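We have chain C; now place chain A onto it with these hints.
Chains as they are written, first to last, in numbering that gives the first Met the number 0: chain C, 0 to 123; chain A, 0 to 129.
Derived by calculation from the structure, the hints in this document are not laboratory data. Treat the numbers as computed from the prediction; the structure is a model and nothing was measured. Yeah, the Cβ is synthetic: ideal placement off N, Cα and C, and Gly gets one too. Misleading hints may appear alongside valid ones.
Some but not every residue of chain A turned toward chain C, in silico, with C-beta under 10 Å [unchecked claim]:
1. Gly52
2. Gly114
3. Ile121
Below, simulated SDA-like cross-link-like pairs (lysine to any residue); rule was C-alpha separation at most 25 Å, straight line [said to hold, decoys possible]:
4. C:Lys60 <-> A:Ser42
5. C:Lys53 <-> A:Val36
6. C:Lys60 <-> A:Phe39
7. C:Lys60 <-> C:Met102
8. C:Lys60 <-> A:Ser37
9. C:Lys53 <-> A:Gly49
10. C:Lys60 <-> A:Val41
11. C:Lys60 <-> A:Arg26
12. C:Lys53 <-> A:Leu44
13. C:Lys60 <-> A:Asp50
14. C:Lys60 <-> A:Leu44
15. C:Lys60 <-> A:Trp38
16. C:Lys60 <-> A:Ala53
17. C:Lys53 <-> A:Pro47
18. C:Lys60 <-> C:Leu19
19. C:Lys95 <-> A:Gly49
20. C:Lys60 <-> A:Gly52
21. C:Lys95 <-> A:Val41
22. C:Lys53 <-> A:Ala29
23. C:Lys60 <-> A:Val33
24. C:Lys60 <-> A:Val36
25. C:Lys95 <-> A:Trp38
26. C:Lys95 <-> A:Ala29
27. C:Lys60 <-> C:Asp45
28. C:Lys53 <-> A:Arg26
Here are the computed distance ranges between Cβ atoms for each label pair [to be verified]:
29. A:Ser37 <-> C:Leu117: 40 to 50 Å
30. C:Ala1 <-> A:Ile108: 28 to 38 Å
31. C:Ser3 <-> A:Leu30: 31 to 41 Å
32. A:Thr95 <-> C:Val121: 47 to 57 Å
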Amino acid sequence: MAVSIFHRVSGDGLAIVGALMFLAWLGAIAAGPDAYAAFVACVWHDPDAGTVHKITNILGKIVLVGLTWAFFQHLFSGLRHLVLDTGAGYELKTNKLWSALVMIAAVVATAAVWLYILAEAVNG
Amino acid sequence: MGNGTHLGKVRGLGSAQHGSHHWLQQRLTALGNVLLVSWFVVSLLRLPLGDHGAVLRWASNPTVALALILLVVSVFWHLRLGLQVLIEDYVHGEATRLLALVVLNFYAIGGAAYGIFAIVRIALGGGTAA
Numbered sequence: 000m001a002v003s004i005f006h007r008v009s010g011d012g013l014a015i016v017g018a019l020m021f022l023a024w025l026g027a028i029a030a031g032p033d034a035y036a037a038f039v040a041c042v043w044h045d046p047d048a049g050t051v052h053k054i055t056n057i058l059g060k061i062v063l064v065g066l067t068w069a070f071f072q073h074l075f076s077g078l079r080h081l082v083l084d085t086g087a088g089y090e091l092k093t094n095k096l097w098s099a100l101v102m103i104a105a106v107v108a109t110a111a112v113w114l115y116i117l118a119e120a121v122n123g
Numbered sequence: 000m001g002n003g004t005h006l007g008k009v010r011g012l013g014s015a016q017h018g019s020h021h022w023l024q025q026r027l028t029a030l031g032n033v034l035l036v037s038w039f040v041v042s043l044l045r046l047p048l049g050d051h052g053a054v055l056r057w058a059s060n061p062t063v064a065l066a067l068i069l070l071v072v073s074v075f076w077h078l079r080l081g082l083q084v085l086i087e088d089y090v091h092g093e094a095t096r097l098l099a100l101v102v103l104n105f106y107a108i109g110g111a112a113y114g115i116f117a118i119v120r121i122a123l124g125g126g127t128a129a
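For reference, chain C alone in the conformation it holds in the complex (with noise of 0.2 Å):
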């Protein structure tokens, strides 16, 4: 059950929030250098930020880090989707299984990504 609203949420979210994102950071790569300048210290990180890109900067992070689980709990429900189509997998205790195992790794994957991130920050 969780499994099956979960892609509907995460798919639902991607489409909207990250499309959006996608399409300003491609228009801000290609309007220059400026634009750029300025999508970047409104979504990530303003060096002399005043009190709106404080909060924009708060809430980018927070949505990209929800972009990340939605990406990867959308891919691997949708890769366990595409296994159900051929018929296989309806079994209670797989099914089950499986579903758990979806919830779990795009956690730990959206983890292990943030981390990532986290560590390159630090070491510049």
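Positioned in the frame of chain C, the structure of chain A alone reads:
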């Protein structure tokens, strides 16, 4: 698909009246997404994202730009299908549902066009270099 008998008219269409077309496209774009979005996420983690010049050089590489365009097509096609199911499940009332589907199509096609155009600008050097 049959041209007369009742069975022939409905065979393969199912309750949504468009058969397995939607279902199959969702799976095909899902496979495209597995490859393209995984590549994209790994690329993001390896790129110095704060450096506009480095990101621009990466994105303007012809192979990367082509993969990015394929990614936009696969992702926006897939999200259009996914959000369509969401609307069909939760938006009731014929008029509001139709309106929601129109907005969805504007978003999916407009978003994909914006993304592809941005990539083309980057790849063809229209984007302002550092």
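Taking the hints in turn, this is what the structure says about them:
no.: 1; hint: Gly52; in the structure: holds, 7 Å
no.: 2; hint: Gly114; in the structure: holds, 5 Å
no.: 3; hint: Ile121; in the structure: holds, 5 Å
no.: 4; hint: C:Lys60 <-> A:Ser42; in the structure: holds, 19 Å
no.: 5; hint: C:Lys53 <-> A:Val36; in the structure: violated, 30 Å
no.: 6; hint: C:Lys60 <-> A:Phe39; in the structure: holds, 19 Å
no.: 7; hint: C:Lys60 <-> C:Met102; in the structure: holds, 21 Å
no.: 8; hint: C:Lys60 <-> A:Ser37; in the structure: holds, 20 Å
no.: 9; hint: C:Lys53 <-> A:Gly49; in the structure: holds, 17 Å
no.: 10; hint: C:Lys60 <-> A:Val41; in the structure: holds, 18 Å
no.: 11; hint: C:Lys60 <-> A:Arg26; in the structure: violated, 31 Å
no.: 12; hint: C:Lys53 <-> A:Leu44; in the structure: holds, 23 Å
no.: 13; hint: C:Lys60 <-> A:Asp50; in the structure: holds, 18 Å
no.: 14; hint: C:Lys60 <-> A:Leu44; in the structure: holds, 15 Å
no.: 15; hint: C:Lys60 <-> A:Trp38; in the structure: holds, 21 Å
no.: 16; hint: C:Lys60 <-> A:Ala53; in the structure: holds, 22 Å
no.: 17; hint: C:Lys53 <-> A:Pro47; in the structure: holds, 22 Å
no.: 18; hint: C:Lys60 <-> C:Leu19; in the structure: holds, 15 Å
no.: 19; hint: C:Lys95 <-> A:Gly49; in the structure: violated, 42 Å
no.: 20; hint: C:Lys60 <-> A:Gly52; in the structure: holds, 23 Å
no.: 21; hint: C:Lys95 <-> A:Val41; in the structure: violated, 30 Å
no.: 22; hint: C:Lys53 <-> A:Ala29; in the structure: violated, 37 Å
no.: 23; hint: C:Lys60 <-> A:Val33; in the structure: holds, 24 Å
no.: 24; hint: C:Lys60 <-> A:Val36; in the structure: holds, 20 Å
no.: 25; hint: C:Lys95 <-> A:Trp38; in the structure: violated, 30 Å
no.: 26; hint: C:Lys95 <-> A:Ala29; in the structure: holds, 23 Å
no.: 27; hint: C:Lys60 <-> C:Asp45; in the structure: holds, 13 Å
no.: 28; hint: C:Lys53 <-> A:Arg26; in the structure: violated, 41 Å
no.: 29; hint: A:Ser37 <-> C:Leu117: 40 to 50 Å; in the structure: violated, 21 Å
no.: 30; hint: C:Ala1 <-> A:Ile108: 28 to 38 Å; in the structure: holds, 33 Å
no.: 31; hint: C:Ser3 <-> A:Leu30: 31 to 41 Å; in the structure: violated, 20 Å
no.: 32; hint: A:Thr95 <-> C:Val121: 47 to 57 Å; in the structure: holds, 50 Å
Figure legend: structure checked against the earlier numbered hints; hints not met, in rising order: 5, 11, 19, 21, 22, 25, 28, 29 and 31.
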